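Work out the full structure: start from the sequences and follow the hints.
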Amino acid sequence: MNSIFEQCHTNEMIARIQRLRPDSQPRWGNMNVAQMLAHCSSFQEIAMGNSSSSRSWLGVIIGKFVKPIFYNDKPLPRNMSTIPDIMIVDERDFDAEKETLIQKIITFQNNGPENCTTRPHPFFGKFSPEEWGKGIYKHLDHHLKQFGV
Numbered sequence: 015m016n017s018i019f020e021q022c023h024t025n026e027m028i029a030r031i032q033r034l035r036p037d038s039q040p041r042w043g044n045m046n047v048a049q050m051l052a053h054c055s056s057f058q059e060i061a062m063g064n065s066s067s068s069r070s071w072l073g074v075i076i077g078k079f080v081k082p083i084f085y086n087d088k089p090l091p092r093n094m095s096t097i098p099d100i101m102i103v104d105e106r107d108f109d110a111e112k113e114t115l116i117q118k119i120i121t122f123q124n125n126g127p128e129n130c131t132t133r134p135h136p137f138f139g140k141f142s143p144e145e146w147g148k149g150i151y152k153h154l155d156h157h158l159k160q161f162g163v
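Just so we're aligned: 69 in the numbering used here is position 55 of the sequence shown, and the numbers increase by one with no gaps anywhere.
Hints listed in this document are in silico derivations from the structure and should not be mistaken for laboratory results. Fair warning: this is a prediction, and the values are worked out from it, not measured in the lab. Errors might be hidden in some of the hints.
What the hints assert, rightly or not - With a straight-line cut-off of 20 Å between C-alpha atoms, the simulated EDC-like cross-links for lysine to aspartate or glutamate are:
id	residue 1	residue 2
1	K159	E26
2	K159	D87
3	K118	E20
4	K81	D99
5	K118	D87
6	K81	E26
7	K88	D155
8	K88	E26
9	K140	D104
10	K159	E113
11	K118	E128
12	K118	E26
13	K140	E26
14	K118	E144
15	K81	D155
16	K78	E144
17	K140	D99
18	K88	D37
19	K88	D99
20	K159	D37
21	K118	D155
22	K88	D107
Have a look at this one:
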């Protein structure tokens with residue numbers, strides 16, 4: 015499984031983000047490309063420990079049983095529900111969101127696993143740094159595929 019903590023995978027993600035255009039259209043879902051970039055940045059903030067979201071009651075009940083979907087080799091399902099706090103519905107500036115996400119990915123990778131958050135994921139619960147690294151890669155991959163890159 016790929017991990018954002020590996021430089022080659024960070025480089026891959028950044029190259030794919032660079033291929034996005036302001037008029038890139040989603041293959042599924044309701045977000046436009048700028049909203050997707052902002053959503054991914056908000057998720058990076060959670061993984062970095064810069065923001066948090068309370069655990070949902072459903073996550074508390076079943077999160078630990080289904081959490082391997084976040085960091086295994088199977089693609090995430092399309093139209094999967096998201097953490098309400100990082101659901102982006104307002105309009106965003108594409109160029110600003112793209113640059114922000116790239117910088118957050120670089121910072122996360124440079125900080126390394128030892129600086130990953132120890133707070134639980136809002137749905138899945140506690141993750142090891144290794145699981146966060148794989149999950150971040152998988153989350154980015156999912157949304158970049160959503161926009162054809």
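For this session: Given the hint that K81 pairs with D155, test it: the Cα-Cα distance must not exceed 20 Å.
Result: 17 Å, holds
Exercise. Can the restraint linking K118 and E26 be considered satisfied, given a maximum Cα separation of 20 Å?
Worked result: 15 Å, holds
Exercise. Is the straight-line distance between the alpha-carbon of K118 and that of D87 20 Å or less?
Worked result: Status violated; Cα separation ~24 Å.
Problem set entry | Restraint status (C-alpha distance of K140 to E26 at most 20 Å) | Violated - the C-alpha atoms of E26 and K140 are around 27 Å apart, more than 20 Å.
Exercise. Is the hinted pair K88 and D155 satisfied, with a Cα-Cα distance of at most 20 Å?
Worked result: Distance ~11 Å between K88 and D155 Cα, so the pair holds.
Problem set entry | Given pair status - E128, K118, alpha carbons within 20 Å | 16 Å, holds
Problem set entry | Given hint E144 paired with K78 - CA-CA distance at most 20 Å | 16 Å, holds
Exercise. Is K81 within 20 Å of D99, Cα to Cα?
Worked result: 19 Å, holds
Exercise. Keeping to a limit of 20 Å between CA atoms, is the pair of K159 and E26 held or broken?
Worked result: With a Cα-Cα distance of about 13 Å, the restraint between K159 and E26 holds, given a limit of 20 Å.
For this session: Could you grab the alpha-carbon distance between K118 and D155 and see if it respects the 20 Å cut-off?
Result: Roughly 15 Å separates the two Cα atoms, so the pair holds.
Exercise. CA of K118 to CA of E20, is that 20 Å or under?
Worked result: 15 Å, holds
For this session: Starting from K88, check that the Cα of D37 is at most 20 Å away, please.
Result: This hinted pair is violated, its Cα atoms lying about 28 Å apart.
The structure shown violates the earlier hints numbered 5, 6, 9, 13, 18, 19, 22.
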